[in-house]
Amino acid sequence: MIQIVEYAGVILILLGGIMAVISAFGILRLPDVYTRSHAATKSSTLAVLLSLSGTFIYFWASESFISVRLLLGITFVFLTAPVAGHLITRAAYRSRVKLADSSTEDALEEVLRKAEEKIEDVTEDDNDPEQPPN
Amino acid sequence: MIQTILAISLSLYIIAILLALYRIIRGPSMPDRVVALDMIGVNLISAVAVFSVALGTHAFLEVILIVGILAFISTIALARFVERGAIVEHDPDR
Numbered sequence: 001m002i003q004i005v006e007y008a009g010v011i012l013i014l015l016g017g018i019m020a021v022i023s024a025f026g027i028l029r030l031p032d033v034y035t036r037s038h039a040a041t042k043s044s045t046l047a048v049l050l051s052l053s054g055t056f057i058y059f060w061a062s063e064s065f066i067s068v069r070l071l072l073g074i075t076f077v078f079l080t081a082p083v084a085g086h087l088i089t090r091a092a093y094r095s096r097v098k099l100a101d102s103s104t105e106d107a108l109e110e111v112l113r114k115a116e117e118k119i120e121d122v123t124e125d126d127n128d129p130e131q132p133p134n
Numbered sequence: 001m002i003q004t005i006l007a008i009s010l011s012l013y014i015i016a017i018l019l020a021l022y023r024i025i026r027g028p029s030m031p032d033r034v035v036a037l038d039m040i041g042v043n044l045i046s047a048v049a050v051f052s053v054a055l056g057t058h059a060f061l062e063v064i065l066i067v068g069i070l071a072f073i074s075t076i077a078l079a080r081f082v083e084r085g086a087i088v089e090h091d092p093d094r
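Residue numbers (my numbering), protein chains in the order written: chain F, 1 to 134; chain R, 1 to 94.
For reference, chain F alone in the conformation it holds in the complex (with noise of 0.2 Å):
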């Protein structure tokens, strides 16, 4: 019995590594920054959550074990992953790099040219035009 949950463990582990690999080559082959960061965020944590979970698994079988640390750093990654993309992808976007000429619409940029000119009114109302917008 203890066996088969090690084998339980490991198997996830090595899904883990398939999911690794699969999301590196989307990191490869992917067009542009922010198509690749859907690659280097989803399926990566997915990876480090399978194989963390399987690490857990696999002390809890074999010296039952039970790893606080393990947990932490399931639940650390699996908070700040999405966090941490989601930041690079609005860096990348305000530096302005472009998208994929494959890409047919991007919705941000006129919602984000509006905001600048609501925020340019309103430096302008109150006569104060040394200060730039942003």
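Since the hints were made in silico from the structure, they are not lab data.
Glycine included, each C-beta is placed from N, C-alpha and C at the ideal position.
Among these hints, one or two may not hold up.
To be verified - Part of the chain F face toward chain R, derived, beta carbon under 7 Å: (1) ILE13; (2) TYR58; (3) ALA91.
Please arrange chain R on chain F, whose structure you already have, making use of the hints.
Chain R alone, transformed into the frame defined by chain F:
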């Protein structure tokens, strides 16, 4: 048998890290490189976990937490650097 599967998955993680390294070297823009660096950090966490299973020790489990925190903080710092050109802003008006 378990050791074989662990060796296979460890080499899969190493392949993933090498592919991300290619993107870091090649990457046309700075955010591309940061995304790939973040992915290397995440894969490194998994590799450390697999390594500690293969050696049968608990000693490396702290490393998982530390590497996770460091990867997150460095990604955020690099994102702020890419966006504004400075990590800590000195704004005297605030």
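Numbered hints the structure breaks, given as an ascending list: none
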